[in-house]
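Q: Since chain A is already given, all that's left is putting chain B on it; use the hints.
Each chain, written out:
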Amino acid sequence: MAIRKEHDLHKRRLGRNMGVGLLLGGFVVLVLALTMVKVTSKGFKFPQAQTAPQAEQN
Amino acid sequence: MPHPLMAKETDMSDASINARNIREDEPSFGDYFALLKPRVMSLVVFTALVGLLAAPVGVHPVIGFAAILFIAIGGGASGALNMWWDADIDQVMKRTKSRPIPAGKVEAGEALSLGLALSGLSCIMLGLATNLFAGAFLAFTIFFYVVIYTMWLKRATPQNIVIGGAAGAFPPVIGWVAATGTMSVEPWLMFALTFMWTPPHFWALALFMRSDYDDAGVPMLTVTHGRRATRIHILVYTVLLAILAVGTAFSGIGGPIYLAVAAVLNALFLHGAWKIFRRDEDDSEADNFKVERSFFKLSLLYLFLHFGAILVEALLKPYGLGGW
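Line order of the protein sequences matches chains A and B. Its first residue numbered 0, the first sequence is counted upward by one per residue in numbering that gives the first Met the number 0. Its first residue numbered 0, the second sequence is counted upward by one per residue in numbering that gives the first Met the number 0.
Since the hints were made in silico from the structure, they are not lab data. Check before you lean on any hint, since a few could be wrong.
[What the hints assert, rightly or not] Partial list, derived from the structure: chain B residues whose beta carbon lies under 10 Å from chain A:
1) Val-61
2) Leu-120
3) Leu-127
[As the list claims (entries may be wrong)] Counterexamples of contact, computed for chain B against chain A with all Cβ distances above 10 Å:
4) Glu-25
5) Pro-26
6) Tyr-31
7) Ala-86
8) Leu-111
9) Leu-115
10) Met-150
11) Lys-153
12) Ala-165
13) Ala-215
14) Ala-228
15) Gly-246
16) Leu-269
17) Trp-273
18) Leu-299
[Claimed, not checked] Straight-line Cα separation of at most 20 Å, DMTMM-like style, residue types lysine to aspartate or glutamate; simulated pairs:
19) A:Lys-10 x B:Asp-24
20) B:Lys-96 x B:Asp-30
21) B:Lys-104 x B:Asp-213
22) B:Lys-36 x B:Glu-109
23) A:Lys-10 x B:Asp-211
24) B:Lys-104 x B:Asp-30
25) A:Lys-10 x B:Glu-25
26) B:Lys-104 x A:Asp-7
Every value quoted in this text rests on a predicted model; they were computed, and no experiment measured them. Beta carbons: idealized from backbone N, C-alpha and C, even for Gly.
Excised from the complex, chain A in its bound form (with noise of 0.2 Å):
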């Protein structure tokens, strides 16, 4: 039969897999809020391959 005691091996293994989630759930956001800026800013154009065919349309 299993033994289910707790090991500080896993203490430290909730420790990483705790901190690399945060990291990724962060790096997600992060990458959200860039892309929310760049398509919102002054600049911001959509490249031709995507704006031809609206164009053709009108």
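A: Here is chain B on its own, set in the frame of chain A:
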């Protein structure tokens, strides 16, 4: 019958851990973080921030935050790669033997992987967040610190500290380039300030941590040219540094506040270097290198306050107060 993998995950007694030869001293999150040299990273963050804010172009706070973060991660990555390469000499020196690799907390290969992964991440993300020039500059800085300094010149020449100082001096230039996308004289003045400051800072340390570098076989000036020559070098570099630091007051990043700070600090620094020059080894050993230690402490304050003054001048400019 339980799945073998499930049994492995749940049956974790001390005995089973030892039997499976799993590392009981698995590194913690903090051990990996220590690979990034957090204290050096704090200097990188501060000088890069000053470079970014002293630039004559406004940066969106989110982009500015991202730029500083990725410059800091790039600096940390080069620290991890430095620890991977220098693990053998870190083990010998008192100052470095408690670092994660020589202390047995992290394996050298893990430091290499972390350093390479963070190097790639930081350069690409800085390039995307700001401009490609900044990303490429960060990549060059990491290459310079890891390959040119750590792998090649650190163990080959007593001018290692001078060359290593260049790598540590790049962050304000990267901060400036991240903001402007171009280069000008002002960021190179900030570069020169850190570049000229590094040798007297480290040679003072080498004077009172004497056995460390001897034991590791690193060709520090104290080992190759003697301690008298090191004292002369400290004075010469300090005089050149003082001329540069005070001269910077009359550039686009200077101003009256910076000039006042530079005048006081350089007078103190020159006085300290002069006292080091005048002493011999008997004097130093008699008071346990008191003058050298206080010069080293002053050097930390010296750089922080110079960059702090540049920052104050930059922050006051929008109100018509900073600069000349």
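Q: It remains to establish, for every hint, whether it holds in the given structure.
A: Structure-based check of all given hints:
| no. | hint | result |
| --- | --- | --- |
| 1 | Val-61 | 5 Å, holds |
| 2 | Leu-120 | 9 Å, holds |
| 3 | Leu-127 | 8 Å, holds |
| 4 | Glu-25 | 5 Å, violated |
| 5 | Pro-26 | 7 Å, violated |
| 6 | Tyr-31 | 8 Å, violated |
| 7 | Ala-86 | 21 Å, holds |
| 8 | Leu-111 | 18 Å, holds |
| 9 | Leu-115 | 17 Å, holds |
| 10 | Met-150 | 28 Å, holds |
| 11 | Lys-153 | 31 Å, holds |
| 12 | Ala-165 | 30 Å, holds |
| 13 | Ala-215 | 31 Å, holds |
| 14 | Ala-228 | 46 Å, holds |
| 15 | Gly-246 | 37 Å, holds |
| 16 | Leu-269 | 44 Å, holds |
| 17 | Trp-273 | 48 Å, holds |
| 18 | Leu-299 | 29 Å, holds |
| 19 | A:Lys-10 x B:Asp-24 | 12 Å, holds |
| 20 | B:Lys-96 x B:Asp-30 | 14 Å, holds |
| 21 | B:Lys-104 x B:Asp-213 | 26 Å, violated |
| 22 | B:Lys-36 x B:Glu-109 | 15 Å, holds |
| 23 | A:Lys-10 x B:Asp-211 | 36 Å, violated |
| 24 | B:Lys-104 x B:Asp-30 | 7 Å, holds |
| 25 | A:Lys-10 x B:Glu-25 | 10 Å, holds |
| 26 | B:Lys-104 x A:Asp-7 | 15 Å, holds |
Of the numbered hints stated above, those contradicted by the structure are hints 4, 5, 6, 21, 23, listed in ascending order.
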